[in-house]
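Chains as they are written, first to last, in this note's numbering: chain A, 1 to 704; chain B, 1001 to 1242.
One thing to keep in mind: the hints can contain errors.
[To be verified] Not everything, but these chain A residues come out facing chain B in the computed CB check (under 7 Å):
1. I364
2. V395
3. A615
4. V617
5. S653
6. Q655
7. S656
8. F658
9. R662
10. V670
11. Q675
12. K679
13. T691
[As the list claims (entries may be wrong)] Here are the computed distance ranges between Cβ atoms for each label pair:
14. R1048/B to G359/A: 34 to 40 Å
15. L614/A to A1133/B: 51 to 57 Å
16. S1132/B to G359/A: 37 to 43 Å
Treat the hints as calculated values from the structure; they're not laboratory data. By construction, the Cβ of each residue, glycine as well, lies at the ideal position given by its N, Cα and C atoms.
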Amino acid sequence: MAAVVTAPRATAQAPAGTRVRCQLLSFRVLQADKGGLTDPRFAQGFDETAQRAGLHAALAALPQLDMIAPGADTALVARSDMASRIAARAFVTRADVERVDKALTTEFLVSTTVMLEFLNAASGEVYHIQALTGSTNIRKDAGADLTSAEVSQAFAATLAGTVRELAGRLRDRYRPGVAVPVIQQLADGRLALGAGLSSGLREGARLEVRDSAGQLAGIVRVEQAQRTFAVTGRPLADNPNRPWIGLTASSPGLNRTAGQSAFTHMVMSVEQRSELVQQAYVLPQATLIYWLHESLAEAAPGLNMLPPVAAGGLASDQDRMEIATGRAGDIAGQRVIPDFVVRASISRADALSELGPDGATYYILKVGLDVSFNDVRTGQVFYATYVEGTQQERVRAGERTLDLAVSYRNLLQRTMAEVGRKVAAEYAPVNAEGTVREVRADGSLALAVTGAGALPSGGILTLWTDGEEVRDPRTHAALGRVQEAAARIRVVRQNGPAADALTIGRSVRPLAGARFVAPATVGDAGRQLVQVQRVEVREGVAVPGALLEEIMQSALTSSRRFAVLPGPDVLADLAALREREFGGGGFSSQAAQRLVNVENAQPALFARVVARFLAPVAAQEEGRPAQAYEARIGLFLVSAADTTRPASSGAQSLQSRFALPRGGRREVVVGLSAQDVAKIYAGMSRRLATTVVETLAGTLPQGR
Amino acid sequence: MTRSIVPAALLAVACLGAAPAAAQIRVPRAVNRAISGPSPEIQRLLARIDSTRARFDRATALLVTSSLVMEGVVSTADRKAEIRRELASANEREQRGGENRVELNAEDHATRLEAATQQRQFEHQQLSQEQSANVNAATFNSALAALLDAMALNDARQLIGEAQSAASAMGSEPANAVYAQRLTNAATQQLPAIVNAVPTQLRLAAAIKAAAQQARASNQAVQVSEATAVTDPPRRIDPNAI
């Protein structure tokens, strides 16, 4: 917990006064075809030159940035200058006005979202993203509309405020620039750098190695970062055999605040379930990713949010042309690798509506978000939650046409902020550490486990053994030993500080004394790694199988009796992500081995889900007419090693009755119409899944 | 009540004051009868008729004022000015108008209020504090008026027969002519007018009540909620029975 919410601190090795030169390339309104959600009235009044000057002035006030004057910002700079130079570009990704009719007033919520990217203009690598949504509330007499002058003024004021606040947040959250000496070349050609985690270096970081004249000698990526030193892959260079010791490896824009010992996170995807998301509320995925990134970064700065996977994707071809080399494709494979990726899906987005007794139409706008945090190396789900947001709207008969699209955006952003708050309060990964105490004759391993985390049965770990020693070149003092991957192992069971494990495949080094460090959850040992293998919704009301799978996964994760491995599709996505985003460039295959793939991720148990949702029937509830619903869910657990061997099974039925509204009352009840049946069942399934899993967990022997 | 009783009393006082001794000599029986008035039964009957008419008049006045208040909530500025004038003279006009006029007014007001209620014009109003207080008073007054009207209707139906019988029984005796005429008027005009007017007035009272409900509701949010369920505890079932 503390690891997540701890505010970033200044790093020890980076000089506090370091300023990086920054060139503000552009400040534009994001086009609609790129996911921009801007009111045409905003675009008309947006003067890029003036806005860019305003943003430039706001950034110039920050101590960490040395802004290049707008008139002198040609991209034609000396190569040596590139070592301490980053680029920035900003987009207005959203600008709109939501009208809210209240009893005595009509209120207008004017919102603008600005996203600022700091990037390497030569490679396209995105170092940091800061996004913020600002809003202004304007209150008028009931029914009165905003004049066009008021709209323009409100947009201008809101945008100015958003830019101001955005710059303020950057002050603490982005500390650009890392420069560390190469202190040793390892026997296999890899390089050891004279600073580690505390200087902001993390696995996957891309560094340029330069000589004393500032000339580029090679490019390296960090493979492992330890406390006092870091190891990079073999440098990509015209002359790899040249002497490297004494040169400086640097990155002008790498964010040092993301290099603390806490875990790092990256938003990977925000899906929209087509079955339960009304077409009118489908938004561009990149936009959703940025919003979730913004919400998590705002709510829990300690999450160390790395630029999301979509980073860099907003630029148009024209923007790319402006970047010095235009090699947008180089963004791939150049990322700092996060510890966790965040996957989300919008499980419902709709407006339930009903005509009220006063002739007005009442809407309840709803959005539901399933969010999960997956270990990027094993794929394991570490945290899963579901957050639902609602917003009420009312339109008097014949009064106006309601555009719920803008209301939905505000609702979604509020709901994502709620996700952020929930994550900050509940999500608490810790480290589990240990060593191999004994290698038994049958090849199985006895582990000694320390740390607060508990290892799930079936969980996968990488074992490390000591490799070459790294010494300080001046004092010759030992800084530590390079860690070498020795084997991947699967935990069979943990019993207090002792655990049993089996190796996966062949080990490449002797395993006695080998160590492991892995993210883990706090809780009872003996949790079993389970994967939802199959979901079957039998005849009746159709609730999407993918949604039911997500619901069951959340229930299993929240039960604290199971650790959850996502389904093969998600694992394949994660593996593809590794290939596409993290594994390219000079990253060695050995380091890539640490990442999960579909072949080596295997659960201890498979879960099979069977469900049936009966069509609603008429019933009575306390003498009132009602609609009755019945959901039945069964969960079958079988051994992953032998799928014919059942581990446990259980099934429950849940009956709910919804009283119909009394006629003539000033009461409107929404959500009972025929098209809402699946949504009701989705809600019931969340409850039922929890109780089924709880009951089943109680009957299951631990560490089986 | 007062308006009906006072003229009768004045009449009695005028008769007493204008009776010279000579007249007493010339028509002693008539004078004696005039002094003593009609029989106690007829007196009680007349008092009941007066009190029934008073109730009806009171109900009428309350309804007219209430309906004007309710119309004021939805009316235009011109109509509001007109209503202010009407309100100021409502009681006087009532006294001048008589039952037929009242009946017509009640019909008018009821129609206007019903239309406004149906079109949900009251729903659009945001009431001032004063208007809210007025609407509350109008609701109470119209309810009171309905009660008074109902009592007046019952009494009137009963009194019509009694007044007719009493008028016939009094015969053509000159000394009783004035009372017989009053009873005949009551039985043939005043009481039937009440019987005819009350249903319209009750309709007006209902229209005022409906309009007031809608007007009051305009300041309250309609309760909107998503369907909430009463859920039984989960029941264990056979997994194979799904």
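- Hints broken by the structure, by number, lowest first? 2, 3, 4, 9, 11, 12, 14, 16
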